[in-house]
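Protein chains: 2
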Amino acid sequence: MTSPKICYVGVDLGGTSVRALAADSEHKILAVKKARTLRSGGPSRLIHRIAGLVEKTLQEAGVSRANVRAVSVGAPGPIDRVRGVIEEAPNLGWKRVPLRAELRQLLRVPVFVENDVNVGLMGEHALGAGRGSKNVVGIFVGTGIGGALIFDDELYEGSRGGAGEVGHTVLAVNGPLCGCGHRGCAEALASRTAMERDVRAAIKSGRKSNVLKIMNKKNKERMTSSIIVAALKKNDPVMREVMSRAQYYLGVLAANVVNLLDPECVVFGGGIAERMKDDFVGPIRETAYQYLLRRSDPKGVKIVPGQLGDNAGALGAIVLARRRLGV
Amino acid sequence: MTSPKICYVGVDLGGTSVRALAADSEHKILAVKKARTLRSGGPSRLIHRIAGLVEKTLQEAGVSRANVRAVSVGAPGPIDRVRGVIEEAPNLGWKRVPLRAELRQLLRVPVFVENDVNVGLMGEHALGAGRGSKNVVGIFVGTGIGGALIFDDELYEGSRGGAGEVGHTVLAVNGPLCGCGHRGCAEALASRTAMERDVRAAIKSGRKSNVLKIMNKKNKERMTSSIIVAALKKNDPVMREVMSRAQYYLGVLAANVVNLLDPECVVFGGGIAERMKDDFVGPIRETAYQYLLRRSDPKGVKIVPGQLGDNAGALGAIVLARRRLGV
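In order, the protein sequences belong to chains G and D. Under my numbering, the residues of the first sequence are numbered 59 to 385, in order. Under my numbering, the residues of the second sequence are numbered 59 to 385, in order.
With the rest of the complex left out, here is chain G (with noise of 0.2 Å):
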């Protein structure tokens, strides 16, 4: 028998699946399981859900529930975060969800929630892209448009816990409407949404494009990020364009976010980044650095996709619980 190991585990609840990770206190993997996210049969169902995949992850990574620290878990949408209560989250049909007391009663150790946007950049900032950057801000893109940031080293969420809206900040006073009710906000722009949407009114106006083939080939009724992946693979021109314009957008969004808050890493993370890397990012960062002030070396700054994928939101709420934890 080996020795008992301490372990955390990072839960990254999604709006399609949960991924539980379990890490060790170097953050060395040492399992990752998913399944898939229940909206029916309410909350409670879910959460014992996500409680029985910590179990089988545990299991997994061969360690004892004595040996596992903490179990956090960055969830979508505002949080209190002093009592775990996941306020509102349209994505699971939750609203005011008391997920750390349910949570440490089903598993009886030390439970950590914190908004996912922000357990992802955290993720990027101890073990990925940021790794080595007091500053640094993290766009994630999305069927909408997130944020969070880091200064100096520490997450910084503003004077009511919610900023990093990012996605909400306006680029052209008189765009498109975006789904908080105003106009011309960069989620209306660049988000996979937005994509989704331009897609459509090209392809309705006449425009040739094998984009509804591909999904409907694929059996999706969104225009997910594989979707996306898959139509510019083939050099589809519609998709090609929409992606340039979204691009554009998120090249002077980086840059407006760099000109205000001059951080040394912007990392840019979502199912599209994470897919398509530098692909997606370089031509994003090629327009931000057009767009930043020539004060100072422009090019000083580093605007580049996350590293950690998929895993980056569970390896953040493990960074995030030993901070907690002071260890």
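In short, the hints are calculated from the structure, not lab data. Since we're looking at a predicted model, the values are computed, not measured. There's no promise every hint is true.
For chains that are exact copies, the list does not tell them apart, and a pair is met inside one copy or across any two.
Said to hold, decoys possible - Okay, derived cross-link-like pairs now, DSBU-like style, lysine-lysine, Cα gap no bigger than 35 Å in a straight line:
(1) K153 - K357
(2) K153 - K360
(3) K278 - K266
Position chain D against the provided structure of chain G, taking the given hints into account.
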């Protein structure tokens, strides 16, 4: 004779005038003196004038040099804080001027030098409109638009000292050309320079306006804040329209910054804000509140004019000096 009082001198070094202010350890103002900014004769002549102004201010305050703990200067442009060198100040025609060393030699007291916008916000944070707020954003509207950031009660200057360039965040891709070479920056939409451009264009296109007449009468070549105030008092229709548009963009800018940084307070400073107070900031606040995410109570954020007026920079420089001295 009164007992010797410990005293600090703050200096606000601007493109048109220099202001020196002596205050005691409770920031009670003991004396304020002003002089014109000399451009002829090079940096050395102006630095001698600053030293002379400090002496006169101390005389008026009835404080001997031995009781001066520090002289602290807010100066334009990027600054090498460690060495107290003004990197570049086009306003003064300065390039790499070792202001700290030269003033220290003349005055033989500790000298500190910091960017003028940063000290302006430090003043408002410690003693004015931002009092009691941990996270504060300053937006200073003048010929350009400058900004400064305070997080967790400390000035945030970014990784290369370049943070706060709120004036060069793009609000309207493809908008008017900015001095920085890009299009649609806040500065190109809502600075005093942008307003003057718009007023002149409206007049050129045949609109009726008294702005140019008022400028002639006051013997001004530029549309200064006093001209703007005079034109608004006379209900000049072009001036009102141009001001409303600038206020709208400043409202969007404030909302962008609040959505990203979630501060307790946004302070508007600069000549127009000082003169017009809430007549300037009121409409900005209204637009900003409309653009804030509904998630938390948007009215929880204060969006207000500065309270220290012309003294913000000099008082803030004193606050900075005391922080640096640890007193």
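Could you place K153 and K360 in one of the four classes (within, between, both, neither) given a Cα distance threshold of 35 Å? between (38 Å within a copy, 28 Å between copies)
Between K153 and K357, at a C-alpha cutoff of 35 Å, which is it: within one copy, between copies, both, or neither? between (43 Å within a copy, 23 Å between copies)
My question is about K278 and K266: at a cut-off of 35 Å on alpha-carbon distance, are they close within one copy, between copies, both, or neither? Intra 19 Å, inter 59 Å, cutoff 35 Å: intra-copy only.
No hint from the list above goes unmet by this structure.
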